[in-house]
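Enquirer: Listed below are the residues making up each chain.
Protein chains: 2
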Amino acid sequence: MAVPAAVPARISLVTLGVADLDRSAAFFAALGWHRSSASNEQIVWFKTADSALGLFPYDHLAADVELPVAAHRSGRGFGGITLAINVDTADDVAPALAAAEAAGGRILKPATRADWGGVSGYFADVDGYPWEVAWNPYFPFAPDGHLQLPD
Amino acid sequence: MAVPAAVPARISLVTLGVADLDRSAAFFAALGWHRSSASNEQIVWFKTADSALGLFPYDHLAADVELPVAAHRSGRGFGGITLAINVDTADDVAPALAAAEAAGGRILKPATRADWGGVSGYFADVDGYPWEVAWNPYFPFAPDGHLQLPD
Chain P
1 MAVPAAVPAR ISLVTLGVAD LDRSAAFFAA LGWHRSSASN EQIVWFKTAD
51 SALGLFPYDH LAADVELPVA AHRSGRGFGG ITLAINVDTA DDVAPALAAA
101 EAAGGRILKP ATRADWGGVS GYFADVDGYP WEVAWNPYFP FAPDGHLQLP
151 D
Chain L
1 MAVPAAVPAR ISLVTLGVAD LDRSAAFFAA LGWHRSSASN EQIVWFKTAD
51 SALGLFPYDH LAADVELPVA AHRSGRGFGG ITLAINVDTA DDVAPALAAA
101 EAAGGRILKP ATRADWGGVS GYFADVDGYP WEVAWNPYFP FAPDGHLQLP
151 D
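Sequences listed follow chains P and L, in order.
Quick note: the first sequence uses my numbering, first residue 1, plus one each step.
Quick note: the second sequence uses my numbering, first residue 1, plus one each step.
Possibly wrong hints are sitting among the right ones.
Here chain P is said to cover these stretches of chain L; the calculated rule only asks that three of the stretch's residues, wherever they fall, bring their Cβ under 8 Å from a Cβ of chain P [to be verified]: (1) 8-20; (2) 30-40; (3) 92-104; (4) 115-129.
Which chain P residues stay away from chain L? Per the calculated CB distances, all over 10 Å, these [claimed, not checked]: (5) Ala5; (6) Leu21; (7) Asp22; (8) Arg23; (9) Ala26; (10) Glu41; (11) Ala52; (12) Asp64; (13) Ala84; (14) Ala90; (15) Arg113; (16) Val119; (17) Val126.
It should be emphasised that the hints constitute simulated quantities derived from the structure, not laboratory data.
Backbone N, C-alpha and C fix where the C-beta goes; we use that ideal spot for every residue, glycine too.
Just need the whole structure built from these sequences, with the hints factored in.
Expert: So, in structure tokens, the structure goes:
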């Protein structure tokens, strides 16, 4: 048996620090995402085809990481991380952005033909985190929707 | 066949805006992570058991999202998103943190028994993004290391 790597190549969870747990959970539920039974009143988990999504109050998450709460969260500019939902066809991008907006999100960038050969747009979720919706013809999916990056 | 959801439950990609693409790519390579052949001089991709990891220059990523560059990136406090690498046993947490430090990361929080029943610590990667290393006995893995959240 191979010796496991000390730091296995995994992103098991992506956790967003949120202002109002119920409001944020309602947003992802409105997208039709499946809330895991592991959720409780302090943290909410959604299943995805890739990393699991966690929602946790921002201040609690900052305390867990032992990092200071940012002085000016709103309007602080781009936080440096994007999450992408890749879709199956170019024509799926705009409807996904519209559905995210209908659920309470905000479109940051409409569906746009990208110079790398795909179609991409962005919405902000109810906490302002940027989600890309992209069609990328070079990145195929496994049958379960899990993205399969080329080797 | 079921009609696909407008916003499929996927986190296909997690992309980090980085200060120096070569430096950041070297960090994840030093962890033993597999760099995808889809990488080029402008963007680097690493395969994981869950969402794929992208590295892209921060300013370019901000421009792609059409969000302003944050005025004070360093010392701005917690950006609101954590990424977690779950490991197989409680005893795997501390060595993973040590390995991340040896690769050029910085330990934010040592391996700590958590009140939710697991063991958790955090390191910052070379761009300061917080990664949790956690053992969670309630969240099992698929054979490929993909986290399987309870239904």
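Enquirer: Since Val126/P was said not to touch the interface, does its Cβ keep a gap of more than 10 Å from each Cβ of chain L?
Expert: 13 Å, holds
Enquirer: Would you say the region 30-40 of chain L counts as covered by chain P, given the rule of at least 3 residues with C-beta under 8 Å?
Expert: It holds, with 7 qualifying residues against the three required.
Enquirer: For Ala90/P, which was marked as not at the interface, is the minimum beta-carbon distance to chain L over 10 Å?
Expert: Consistent with the label, Ala90/P stays out of reach of chain L, its closest Cβ about 14 Å off (over 10 Å).
Enquirer: Report holds if the minimum CB distance from Ala26/P to chain L is greater than 10 Å, and violated otherwise.
Expert: 14 Å, holds
Enquirer: Would Val119/P pass as off the interface with chain L, using Cβ distances and a cut of 10 Å?
Expert: Label holds. Min Cβ-Cβ 13 Å, cutoff 10 Å.
Enquirer: Can we confirm that no CB of chain L comes within 10 Å of the CB of Arg113/P?
Expert: Label holds. Min Cβ-Cβ 13 Å, cutoff 10 Å.
Enquirer: With d taken as the least Cβ-Cβ distance between Leu21/P and chain L, does d exceed 10 Å?
Expert: 14 Å, holds
Enquirer: If you count the residues of the region 92-104 of chain L with a beta-carbon closer than 8 Å to a beta-carbon of chain P, do you get 3 or more?
Expert: holds (count 7)
Enquirer: Any Cβ of chain L at or closer than 10 Å to Ala84/P, or is the non-interface label fine?
Expert: Its Cβ does come within 10 Å of chain L, the nearest being 4 Å, so this is violated.
Enquirer: Is the Cβ of Ala52/P farther than 10 Å from every Cβ of chain L?
Expert: 5 Å, violated
Enquirer: With a cut-off of 8 Å between beta carbons, are at least three residues of the region 8-20 of chain L near chain P?
Expert: holds (count 10)
Enquirer: Does Asp22/P sit more than 10 Å from chain L, CB to CB?
Expert: Per Cβ check, Asp22/P is outside 10 Å of chain L; nearest 18 Å; holds.
The structure fails to meet hints 5, 11, 12, 13 from the earlier list, while all remaining hints are met.
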